[in-house]
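Visitor: Sequence:
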Amino acid sequence: MHAQLWPAFVDAFRFWQPAAGADQPTFDAIVTAIQATPAGNPTITPHCPPVVTDWLGHRPRVPAARALQRLVTAVQATAAQLPWSTMPVSYAGPELAGAYAFVELVGPRPAEGPGPVWSSEQVLAGLTIQGPNIFYASHWHPAIEFYGVLSGEGEWQVDDGGWVRRPAGSLIYHATNQPHAMRTLTEPMLTLFAWYGDLETNPLVGEKKATD
Numbered sequence: 001m002h003a004q005l006w007p008a009f010v011d012a013f014r015f016w017q018p019a020a021g022a023d024q025p026t027f028d029a030i031v032t033a034i035q036a037t038p039a040g041n042p043t044i045t046p047h048c049p050p051v052v053t054d055w056l057g058h059r060p061r062v063p064a065a066r067a068l069q070r071l072v073t074a075v076q077a078t079a080a081q082l083p084w085s086t087m088p089v090s091y092a093g094p095e096l097a098g099a100y101a102f103v104e105l106v107g108p109r110p111a112e113g114p115g116p117v118w119s120s121e122q123v124l125a126g127l128t129i130q131g132p133n134i135f136y137a138s139h140w141h142p143a144i145e146f147y148g149v150l151s152g153e154g155e156w157q158v159d160d161g162g163w164v165r166r167p168a169g170s171l172i173y174h175a176t177n178q179p180h181a182m183r184t185l186t187e188p189m190l191t192l193f194a195w196y197g198d199l200e201t202n203p204l205v206g207e208k209k210a211t212d
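Residue 212 in this note's numbering is what sits at position 212 of the sequence shown, and the numbering runs on without skipping anything.
A few of these clues could be false.
To be verified - Label pairs and their in silico Cβ distance ranges:
| no. | residue 1 | residue 2 | range |
| --- | --- | --- | --- |
| 1 | R61 | G161 | 23 to 29 Å |
| 2 | D198 | E112 | 18 to 24 Å |
| 3 | C48 | R165 | 25 to 31 Å |
| 4 | D159 | A3 | 40 to 46 Å |
| 5 | W163 | A22 | 14 to 20 Å |
| 6 | A22 | G93 | 29 to 35 Å |
| 7 | A19 | T176 | 18 to 24 Å |
| 8 | Q24 | P88 | 32 to 38 Å |
| 9 | G162 | E121 | 35 to 41 Å |
| 10 | Q81 | G113 | 14 to 20 Å |
| 11 | Q81 | A175 | 17 to 23 Å |
I should point out that these hints are in silico values taken from the structure, not numbers from a laboratory.
We treat Cβ as the ideally placed atom computed from N, Cα and C, and that holds for glycine.
Generate coordinates for the entire structure from the input sequences, incorporating the hints supplied.
Guide: Printed below as a string of structure tokens:
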């Protein structure tokens, strides 16, 4: 798994580095932290929720960039071996909780539980899969965040702005405590994500609706 997934994951961050724009220093620091992570061959317990299985059975729309195509291919080959997590219903509601999964590939080790696949105290980064026609309500967190759309497409709302379509290949930036919402269209969406700064404080979710 390591030999295929980790190099492609690192290369995807390098590919997006020139596009970081609004906060280039933070993205540069993220790339540096990820490149410095001792990858090794970790022992993990796979967990593959239905939304991941569904994505594996879908022929995704992928970006033109070869670096991103390589990561999508690597995820397809290794997804069933990864320790995916889902969000609690108390936070996400039943629809999103059943149609959204994430895996922390690199980040701080928790006091209890397995935590990320590879250890870093500087950055939290991994992958998410959001099923089709699913709304993730406005939420915010102290960590600076980047999302990169790897397959499918979605629409993003930042602050109180309008919805903006983000196809595969898009890089999205969220500043500290900046409210943002996402909704998928007719196909599932695979994204890369990275947090930097406060890696311990969980997100807070608001009450905005998908039709706002």
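Visitor: Now tell me, hint by hint, if it's right for this structure.
Guide: Now for the hints, and whether the structure bears them out:
At about 25 Å, the CB distance of R61 to G161 agrees with the hint of 23 to 29 Å. The beta-carbon spacing between D198 and E112, approximately 20 Å, falls within the hinted interval of 18 to 24 Å. Judged by the Cβ atoms, the range 25 to 31 Å given for C48 and R165 holds: they are separated by roughly 29 Å. Checked against the hint of 40 to 46 Å, the C-beta distance between D159 and A3 comes to roughly 41 Å, which is consistent with it.
Against the hinted window of 14 to 20 Å, the Cβ-Cβ separation of W163 and A22 comes to about 19 Å, which satisfies the hint. Checked against the hint of 29 to 35 Å, the C-beta distance between A22 and G93 comes to roughly 30 Å, which is consistent with it. In this structure, A19 and T176 meet the distance hint of 18 to 24 Å, their C-beta atoms being roughly 20 Å apart. The hinted window of 32 to 38 Å between Q24 and P88 holds, with their beta carbons roughly 35 Å apart.
For G162 and E121, the hinted distance range of 35 to 41 Å is satisfied, since their beta carbons lie about 38 Å from each other. The hint said 14 to 20 Å for the Cβ distance between Q81 and G113, and at roughly 18 Å that hint holds. Between Q81 and A175 the CB atoms are about 34 Å apart, so this pair departs from the stated range of 17 to 23 Å.
Of the hints listed earlier, the one the structure fails to meet is number 11.
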